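There are 4 protein chains.
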Amino acid sequence: MHTKGKITAAISLIFLTATLQLAGQRNDLSMPDISGYVTLKCDFHSHTVFSDGEAWPDVRVEEAWRDGLDAIAITDHIEYTPHKGYIPVKLNAAWEIAQKSAADRNILLVHGAEITRDMPPGHLNALFIQDANLLAVPDFMKSIEAAVKQGAFIQYNHPGWKSQEPDGIPKLYSIHKELITKGWLHGIEYFNEFEHYPLVLDMCREYNLAVMGNSDIHGAISESYKRPDYSQRPVTLVFAKERTLESLREAMFAGRTAVWYGNELAGFKEYTEPLFYASLSVSKPYMSNDKFIFFEITNQSDLPFYLINGPDGAPKEINIPARSSVIVRAVLKFAAEPLKYDVRNIITGNGQILNVSIAVPGI
Amino acid sequence: MHTKGKITAAISLIFLTATLQLAGQRNDLSMPDISGYVTLKCDFHSHTVFSDGEAWPDVRVEEAWRDGLDAIAITDHIEYTPHKGYIPVKLNAAWEIAQKSAADRNILLVHGAEITRDMPPGHLNALFIQDANLLAVPDFMKSIEAAVKQGAFIQYNHPGWKSQEPDGIPKLYSIHKELITKGWLHGIEYFNEFEHYPLVLDMCREYNLAVMGNSDIHGAISESYKRPDYSQRPVTLVFAKERTLESLREAMFAGRTAVWYGNELAGFKEYTEPLFYASLSVSKPYMSNDKFIFFEITNQSDLPFYLINGPDGAPKEINIPARSSVIVRAVLKFAAEPLKYDVRNIITGNGQILNVSIAVPGI
Amino acid sequence: MHTKGKITAAISLIFLTATLQLAGQRNDLSMPDISGYVTLKCDFHSHTVFSDGEAWPDVRVEEAWRDGLDAIAITDHIEYTPHKGYIPVKLNAAWEIAQKSAADRNILLVHGAEITRDMPPGHLNALFIQDANLLAVPDFMKSIEAAVKQGAFIQYNHPGWKSQEPDGIPKLYSIHKELITKGWLHGIEYFNEFEHYPLVLDMCREYNLAVMGNSDIHGAISESYKRPDYSQRPVTLVFAKERTLESLREAMFAGRTAVWYGNELAGFKEYTEPLFYASLSVSKPYMSNDKFIFFEITNQSDLPFYLINGPDGAPKEINIPARSSVIVRAVLKFAAEPLKYDVRNIITGNGQILNVSIAVPGI
Amino acid sequence: MHTKGKITAAISLIFLTATLQLAGQRNDLSMPDISGYVTLKCDFHSHTVFSDGEAWPDVRVEEAWRDGLDAIAITDHIEYTPHKGYIPVKLNAAWEIAQKSAADRNILLVHGAEITRDMPPGHLNALFIQDANLLAVPDFMKSIEAAVKQGAFIQYNHPGWKSQEPDGIPKLYSIHKELITKGWLHGIEYFNEFEHYPLVLDMCREYNLAVMGNSDIHGAISESYKRPDYSQRPVTLVFAKERTLESLREAMFAGRTAVWYGNELAGFKEYTEPLFYASLSVSKPYMSNDKFIFFEITNQSDLPFYLINGPDGAPKEINIPARSSVIVRAVLKFAAEPLKYDVRNIITGNGQILNVSIAVPGI
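Chains as they are written, first to last, in our numbering: chain Y, 1 to 363; chain V, 1 to 363; chain R, 1 to 363; chain Z, 1 to 363.
Among the hints, a few may not be true.
Unchecked claim - Below are the PhoX-like pairs computed for lysine-lysine, each with C-alpha atoms no more than 20 angstroms apart in a straight line:
no., chain 1, residue 1, chain 2, residue 2
1, R, LYS84, Z, LYS340
2, R, LYS149, R, LYS100
3, Z, LYS340, R, LYS90
4, Y, LYS333, Y, LYS316
5, Z, LYS241, Z, LYS284
6, Z, LYS291, Y, LYS100
Hints listed in this document are in silico derivations from the structure and should not be mistaken for laboratory results. On a predicted model such as this, the values are computed, not experimentally measured, just so you know.
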């Protein structure tokens with residue numbers, strides 16, 4: 001019997017006499033590579049109907065493809081499956097189903113699950129697992145151990161989520177420190193959904209963990225992030241040797257990440273500084289007189305940069321929108337001497353922002 | 001155990017100490033009532049994960065609420081359930097689940113199902129059923145009979161869909177005529193998803209059936225209808241005595257419908273003509289001289305009107321965008337005599353458009 | 001000789017064989033009338049090429065028509081005419097030129113000028129004048145007197161503009177108090193361009209002056225207010241007996257105004273309170289159980305309302321976006337007792353916001 | 001005396017204690033260079049208040065900078081100056097005034113004028129002139145001669161404009177052919193404002209003239225081109241040896257141009273073909289099986305490409321939106337053999353479109 005079996009044109013494959021073009025488009029999310037690494041844009045936290053999400057697993061892949069991402073993890077709750085009256089609990093189901101979509105679209109699909117407990121320890125994602133069923137045990141430490149035995153990267157999720165942490169301040173409880181001591185904790189979320197937790201950067205630095213940023217999407221990405229301030233979901237930028245699952249995993253265990261949400265980039269200086277310089281190009285002066293040089297700064301990335309605390313003889317503030325250029329006038333000495341700024345929207349620690357130097361090339 | 005159980009803020013209920021406000025907003029979809037009836041905006045064709053859709057049933061209600069609709073039907077395929085390896089077939093499940101969301105948001109939820117067969121007869125929706133299980137029988141006529149016995153309104157879906165009707169021309173086969181003879185067919189889709197079938201209006205007039213227009217959504221509404229030309233999904237306008245399920249059903253069996261998609265309105269003149277006049281107001285002349293009067297036409301609806309074939313001494317064409325007004329200059333005689341136009345985007349039959357008269361009120 | 005003489009289609013009149021329709025559209029800017037008055041949307045501060053503006057006078061009328069305004073004033077600087085090397089100073093020129101466009105589009109055009117001095121007194125608009133040339137005298141008081149003799153309404157402009165008032169705090173200097181004593185000052189700007197001056201409301205109350213809000217536009221409205229936060233220019237709402245220049249003037253001298261910019265409404269409670277209630281409709285409960293009633297609040301205006309400080313048993317905060325509705329759940333007693341809120345974005349004085357009562361109609 | 005002298009923040013220079021940053025931003029209009037040349041984006045037809053335009057000359061530069069253009073000409077009418085009752089006719093005024101803005105923003109400003117006559121000859125722009133006053137002579141041929149003596153590039157404007165050419169068909173009258181014979185005509189507009197004239201490409205090829213595309217803007221660019229179909233004004237792409245006025249002029253006399261408006265690119269194959277290939281990158285197959293290869297096509301430009309008439313075993317049509325990528329599945333032989341398509345939106349002659357080959361790189 002032929003059936004309609006129609007799927008939404010805007011996000012689905014259209015098969016035309018044994019050939020295909022993806023209906024819809026993959027939008028370029030522009031963020032440069034940095035020296036020696038390819039910059040992978042990833043979302044390691046998402047849900048489907050197999051736990052408490054509202055989307056079929058393929059949707060997560062289709063959204064990621066459309067949004068220009070390289071990798072995602074579907075991380076359905078292990079202990080929280082409110083749809084089980086209609087959908088029997090199968091903890092690997094979302095990953096099994098989404099694999100074909102991911103292969104079709106060249107998206108790296110990380111097998112994951114969310115271990116979902118009261119605080120402490122709260123919620124933790126196990127990424128790069130083999131079988132989520134082995135994590136479904138009552139004892140929390142045994143659950144983590146089962147994940148680690150499969151080679152999992154363990155991420156502490158939304159540590160300042162007020163439903164579990166009423167004062168909103170992320171904390172490392174003794175159980176988290178025990179995980180760290182055992183080498184069983186590898187990253188902490190700085191961004192989750194619409195929230196950010198500035199203290200996380202310092203925690204990650206102290207304990208040598210990766211900074212993570214993810215959507216934790218339950219509904220549709222296009223519904224949640226449509227507002228002007230939320231034009232893009234939170235992503236984890238991973239600086240990998242190549243665009244493969246193995247390289248992705250290696251980079252995450254090595255802590256080579258930064259996080260990006262809306263207009264904010266956060267991460268250690270060793271990664272955010274080269275991202276800043278790789279995003280911008282500075283022109284030679286196109287005009288000068290006896291007092292001033294005039295030059296252009298062009299931003300090729302999708303992240304705006306807000307420069308503040310500029311030197312005397314140059315603008316105090318320079319805003320360089322995404323994929324745009326601006327004109328700057330500065331006194332003559334800056335033809336030979338770099339301009340020092342702070343970047344208000346690049347966070348390198350709690351209360352710390354990136355310091356940069358803008359050098360105008362010679363004529 | 002407390003769990004996160006987080007649902008997407010943009011489309012979900014936020015519970016705050018035993019009280020709630022719906023996060024997000026219901027957008028007004030403006031289309032006036034017509035004399036004696038309330039104009040209900042409805043979508044009678046949609047899918048969920050319980051057949052081949054990509055969304056949990058609540059999503060359909062949340063989308064309808066946000067989009068300003070009054071009523072929807074979820075119409076999962078009876079015979080096509082590709083997710084059954086993961087989700088056991090329960091033909092009433094989507095309706096059971098969505099009832100609470102619908103009550104919370106004051107959305108009229110019609111219990112439905114899609115009888116899904118090769119052409120002929122193709123696909124037919126049974127609306128206002130009690131139990132979809134009784135329709136799951138091999139014999140097509142017995143399936144329809146089971147629906148009709150429950151009081152169902154039977155809709156012939158996407159009759160020009162090229163996967164089943166390669167020439168794209170909607171047809172009434174003998175099996176459809178048999179249904180009509182028995183009184184077992186009540187409406188035909190003129191709009192489905194992104195398609196329209198102009199011949200359907202004439203069929204509906206000949207056989208006294210209701211004109212229907214629906215999204216047949218499988219993915220997310222916000223993904224499918226975001227393009228400028230598709231700012232709104234197809235809807236069926238039902239002219240009901242009041243905003244209840246019973247009145248809705250009565251109006252549909254009485255054939256009091258029109259259909260609207262994007263910039264196009266289609267339906268019998270007896271409904272589209274009063275919609276046109278109720279949408280517009282014409283000002284008195286605000287200026288005049290020895291040759292001309294100047295006046296305003298204001299459109300309160302979300303449907304633009306494209307007037308063409310104007311009389312001598314007045315604009316040949318007038319475009320009146322949604323929720324906007326335009327200024328018109330016409331020769332003096334039109335202070336006393338109406339201006340005749342055709343409305344290019346109101347379809348009243350195959351190759352027929354609505355003729356209207358614009359009368360300028362006296363000063 | 002025929003020439004092209006083409007004018008921009010999007011904002012100009014297209015003449016078609018002695019008939020016309022305005023190309024483009026007038027967008028409805030929705031704000032209700034209040035009891036006994038029509039609410040006129042006005043911008044009393046704008047510039048053209050005849051002082052230091054960048055637009056021909058007709059542009060100001062075309063923009064106002066498109067934006068749904070009722071009245072504007074063009075208020076070119078009297079003492080600052082930097083284009084005079086190319087355009088001879090003619091202080092009434094912009095008004096002379098724009099009159100035809102204003103009549104064509106049914107826009108009320110107020111004859112105005114900006115008296116432009118160092119602080120104090122700073123800049124003041126003279127509105128409803130007859131001849132701006134008579135204001136072009138060196139002595140400031142004589143300039144104001146010349147305006148007042150013509151029946152002018154005198155408005156103190158941008159009193160907290162940092163170029164003239166470095167601390168940003170609006171002040172009434174002795175020269176302003178002298179004007180007030182003589183009855184020669186009638187209004188003060190609370191909004192100007194992108195700025196607002198919260199202290200102005202208290203000044204206006206103390207001295208019985210009208211609160212004013214205007215764009216002070218020099219370039220193109222569509223360039224200046226395109227950002228999401230600035231979707232609409234500042235306007236003065238004038239509560240007039242009818243839509244004529246005479247009624248407009250009477251209402252302004254009577255102080256019947258409020259001001260609106262983006263998401264903020266400011267003005268005395270006697271005007272902002274009825275605007276609030278006229279903008280909203282509250283449904284009967286559409287559902288109730290033994291604990292709660294559920295009802296809808298619909299906002300017909302283009303101004304969102306942010307309700308805060310709600311009572312126990314109801315949402316603490318309710319955001320009601322423009323032209324949208326929201327759903328509210330409250331405990332049963334609110335079927336009989338109004339819900340008290342503060343409206344965060346309706347400013348009634350320095351540090352004061354509007355208090356409101358939401359009464360749910362009986363069933 | 002200090003005066004306000006405020007100019008619109010969104011499009012003007014903000015001076016901050018002897019330093020500046022341009023408020024607003026220059027948007028990148030992405031179109032690649034082609035071998036040996038830099039691709040300059042230019043608009044050679046615009047008006048100001050000095051003829052019948054509605055903007056001060058600086059506005060034209062500010063708009064061009066914001067829109068990512070490299071060069072503009074202001075071409076006020078010589079014979080049509082309807083503002084002369086208020087603005088004395090000075091034919092070089094707009095160029096004089098705009099020079100400072102152009103230098104500040106690194107925009108190449110071409111000195112121009114529009115010779116404005118009945119048809120034939122209609123309207124012609126003289127570009128790269130020295131003094132427009134010398135063109136203000138009654139005799140048309142003498143006017144052109146005066147321009148040519150200054151080294152001018154002569155462009156025949158909007159040859160199918162119905163106000164002068166009622167059938168809409170562009171024609172070369174004997175007076176135009178006389179110009180061609182003398183070497184006094186160098187280009188013809190294919191795009192003007194919202195119109196296009198497909199016959200122009202063949203005329204340009206036959207007579208060895210440059211294809212031109214310009215806005216002919218009279219009002220504000222942001223008003224005229226805001227509709228979805230008109231996201232960008234018409235531009236002339238000039239393939240110059242470097243980004244200077246001299247190189248620009250050399251390239252135009254050499255006929256190295258193409259034209260771009262909205263989704264349509266037009267020009268001779270020798271320029272449009274390399275633009276196509278420079279805009280796209282084709283990935284190696286990222287997946288293959290025993291029947292198919294899967295690969296990506298990425299479009300770095302702001303022009304979408306609509307590929308049609310594809311070969312058997314590959315999609316019949318491929319739409320590659322601006323700054324996006326798409327996925328293609330094709331049968332195995334296309335790993336070794338290019339896929340042939342026609343590009344529906346690249347026009348190379350009247351009724352002719354570009355033919356292209358897509359070669360998938362080896363693994």
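Hints versus structure:
1. R/LYS84 <-> Z/LYS340: Given pair R/LYS84, Z/LYS340 is violated - Cα atoms ~62 angstroms apart, limit 20 angstroms.
2. R/LYS149 <-> R/LYS100: Not OK: R/LYS149 and R/LYS100 at ~26 angstroms, beyond 20 angstroms, violated.
3. Z/LYS340 <-> R/LYS90: 65 angstroms, violated
4. Y/LYS333 <-> Y/LYS316: 16 angstroms, holds
5. Z/LYS241 <-> Z/LYS284: Violated: Z/LYS241 and Z/LYS284 sit about 33 angstroms apart, past 20 angstroms.
6. Z/LYS291 <-> Y/LYS100: With Cα atoms ~16 angstroms apart, Z/LYS291 and Y/LYS100 stay inside 20 angstroms; holds.
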